[in-house]
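Which chain is which? The protein sequence lines are W and B, in order. Position 11, counted from 1, in the first sequence is what the working numbering calls 11; the numbers after and before it change by one each time, with no gaps. In the working numbering, each number is its position in the second sequence, counted from 1, plus 242.
Derived from the structure by calculation, the hints contain no laboratory data. Hints should not be assumed to be uniformly reliable.
Unchecked claim - Below, a list of computed lysine to aspartate or glutamate pairs in the DMTMM-like style, where the Cα atoms sit at most 20 Å apart:
| id | chain 1 | residue 1 | chain 2 | residue 2 |
| --- | --- | --- | --- | --- |
| 1 | B | Lys289 | W | Glu157 |
| 2 | B | Lys284 | W | Glu66 |
| 3 | W | Lys152 | B | Asp354 |
| 4 | W | Lys151 | B | Asp354 |
| 5 | W | Lys99 | B | Glu449 |
| 6 | B | Lys305 | W | Glu153 |
| 7 | B | Lys480 | B | Glu496 |
Said to hold, decoys possible - Simulated coverage check for chain B against chain W, where a stretch passes if three residues somewhere in it have a Cβ under 8 Å from a Cβ of chain W:
| id | region |
| --- | --- |
| 8 | 300 to 307 |
| 9 | 311 to 322 |
| 10 | 339 to 345 |
| 11 | 384 to 391 |
The structure displayed is predicted, hence computed values, not measured ones. A virtual CB, placed ideally from N, CA and C, is assigned to each residue, including glycine.
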Amino acid sequence: MLSDGVDDTNRLVAFHRPALAAMPLDLYYCITSPFCRSVLLTAKALGVELNLKEVDIWAGEQHKPEYLALNPEHTVPTLVDGSLVLWESRAICTYLITKFGKDDALYPRDAVIRAKIDSLLYFDIATLFPRFKTFVASQLGGKRDATYEEKKEKFFEGLNWLERFLSRGNFAAGTDHITVADMVLVPSVTSLAESGFIPDEYTRTHEWVRRCKDGMVGYEEANGEGARLVGERIKRMISSPA
Amino acid sequence: MPLDLYYLDLSPPCRAVMLTARAVGVDLNLKVVNIMAGDHRKPEFLKVNPQHKVPFLVDGTVKLSESRAICSYLASQYGKDDSFYPNNPKARCIVDQRLYFDIGTLYQKWADFAYPGLRGLPVDQSLLEGIHEALSQFNANLMDFPWAAGNKITIADFSLVATISSMEAAGVDLQQHPHVAKWLRRCEMKMVGYKEANGDGASKFGEFLKNIIAPPSAAKKEEEKAEEKKEEKVEEKKEEKVEEKKVEEKKVEEKKVEIEIIEKENNAPVKKDDTSDSSSSDEE
Chain W
1 MLSDGVDDTN
11 RLVAFHRPAL
21 AAMPLDLYYC
31 ITSPFCRSVL
41 LTAKALGVEL
51 NLKEVDIWAG
61 EQHKPEYLAL
71 NPEHTVPTLV
81 DGSLVLWESR
91 AICTYLITKF
101 GKDDALYPRD
111 AVIRAKIDSL
121 LYFDIATLFP
131 RFKTFVASQL
141 GGKRDATYEE
151 KKEKFFEGLN
161 WLERFLSRGN
171 FAAGTDHITV
181 ADMVLVPSVT
191 SLAESGFIPD
201 EYTRTHEWVR
211 RCKDGMVGYE
221 EANGEGARLV
231 GERIKRMISS
241 PA
Chain B
243 MPLDLYYLDL
253 SPPCRAVMLT
263 ARAVGVDLNL
273 KVVNIMAGDH
283 RKPEFLKVNP
293 QHKVPFLVDG
303 TVKLSESRAI
313 CSYLASQYGK
323 DDSFYPNNPK
333 ARCIVDQRLY
343 FDIGTLYQKW
353 ADFAYPGLRG
363 LPVDQSLLEG
373 IHEALSQFNA
383 NLMDFPWAAG
393 NKITIADFSL
403 VATISSMEAA
413 GVDLQQHPHV
423 AKWLRRCEMK
433 MVGYKEANGD
443 GASKFGEFLK
453 NIIAPPSAAK
463 KEEEKAEEKK
473 EEKVEEKKEE
483 KVEEKKVEEK
493 KVEEKKVEIE
503 IIEKENNAPV
513 KKDDTSDSSS
523 SDEE
């Protein structure tokens with residue numbers, strides 16, 4: 001029987017109803033990865049305890065045989081909940097909410113609001129973040145390759161769309177409260193911001209980031225530090241020759 | 243009232259939505275947006291969807307982009323039960339994982355490989371390897387279950403079949419992924435309105451892409467090989483000539499040195515009573 005409070009390793013013990021499993025879930029993760037940070041933020045919001053297992057993706061640890069046996073797609077994050085092994089961060093976030101949420105605030109059951117949120121989750125995985133990645137790749141080591149201008153245009157197009165989405169309400173899905181759309185978008189957006197890729201004039205984006213920082217439980221531990229780390233890494237990648 | 247779907251039949255994401263609509267029995271008012279002709283960037287469509295993408299759904303005041311979000315919306319809002327998108331978290335998360343696998347891995351790799359060709363840019367054949375790696379992942383998923391996320395058809399199947407049928411139609415060989423090939427045939431047989439909602443569009447798209455993404459033909463490869471060999475021979479001959487010249491020059495040098503030695507010997511003084519001179523005793 002678990003209760004709220006602090007155990008001897010200074011971690012918040014999860015709110016678990018006795019009917020549910022008392023075993024913490026395993027999360028294989030890397031703190032620089034925005035996809036992993038989405039799961040950390042979601043778990044913090046739900047009060048779900050995660051047994052954190054680091055995978056250094058920069059050193060290729062996701063390709064080790066033990067990890068491949070768990071996740072043959074060699075991606076992070078990977079969640080283990082008893083017999084369930086799950087990857088794809090956005091699927092993990094919504095799984096945690098629907099299984100452990102005491103209400104549906106983070107991921108409302110209303111089909112229309114949910115569809116708006118889902119659109120933003122897909123926007124993150126297939127538009128915003130990939131355009132950032134390829135834009136970074138076009139300017140490594142201080143050299144701009146032939147695709148730089150095209151990638152720059154596409155990146156800022158994506159950023160403009162985000163800025164427009166954020167004009168619909170306090171939070172990303174046009175809601176007045178935080179949802180999983182914010183949990184998923186803010187790690188990506190703060191990775192971009194810490195890398196110096198979001199100009200000041202994107203005021204709605206910057207204000208929304210501040211609202212998330214203030215409103216999200218455990219923000220600094222789950223996202224702030226990781227975003228800064230990856231920001232520094234990316235700044236190094238694009239400024240110094242290899 | 244039918245829902246408006248802005249779409250193009252060639253587009254796999256659009257066909258995923260059409261398959262879902264057929265499955266849940268929703269009427270779609272289809273509005274063609276000819277992306278190939280640039281209609282998606284014209285003012286009329288930008289007013290509808292500033293992200294200039296298809297599919298785009300209008301259901302009264304509800305306006306949605308992102309095909310997989312549209313599929314889950316249709317299944318949740320109009321499905322008579324939750325079979326196409328289960329409510330149970332453990333079942334649903336598998337469907338979701340497959341949807342994100344499609345958009346983030348399989349379809350992404352396909353688009354990276356094939357779509358530059360549509361813009362007249364070179365096609366990188368080495369990217370096919372990544373596509374086959376992703377297909378083998380999906381093949382493994384299908385070893386124990388008939389459908390993408392388990393024992394029943396779900397929106398994951400609609401999304402993945404739109405992608406994979408397009409690949410097959412464009413010439414990607416599925417023989418090395420036998421479970422995927424069988425699943426594809428199963429989809430063709432079991433999915434309501436498959437031909438109209440997906441089959442025809444996939445064939446059309448495949449025909450369009452086939453020649454663009456095909457590797458250089460065998461005959462052309464032979465031609466290119468022969469040209470390469472010719473060039474190699476010319477280079478070899480050049481090198482031979484350079485070597486010959488070097489050998490000639492060396493011979494000339496050696497001759498010069500010989501002559502110098504002989505001249506030196508001819509000019510050297512004759513030696514007589516010099517018992518300390520070892521050379522005269524050697525000459526004996």
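Q) Hint by hint, which ones does the structure fall short of? A) The structure conflicts with hints 2, 5, 6, 7, 11, although it agrees with all the remaining ones.
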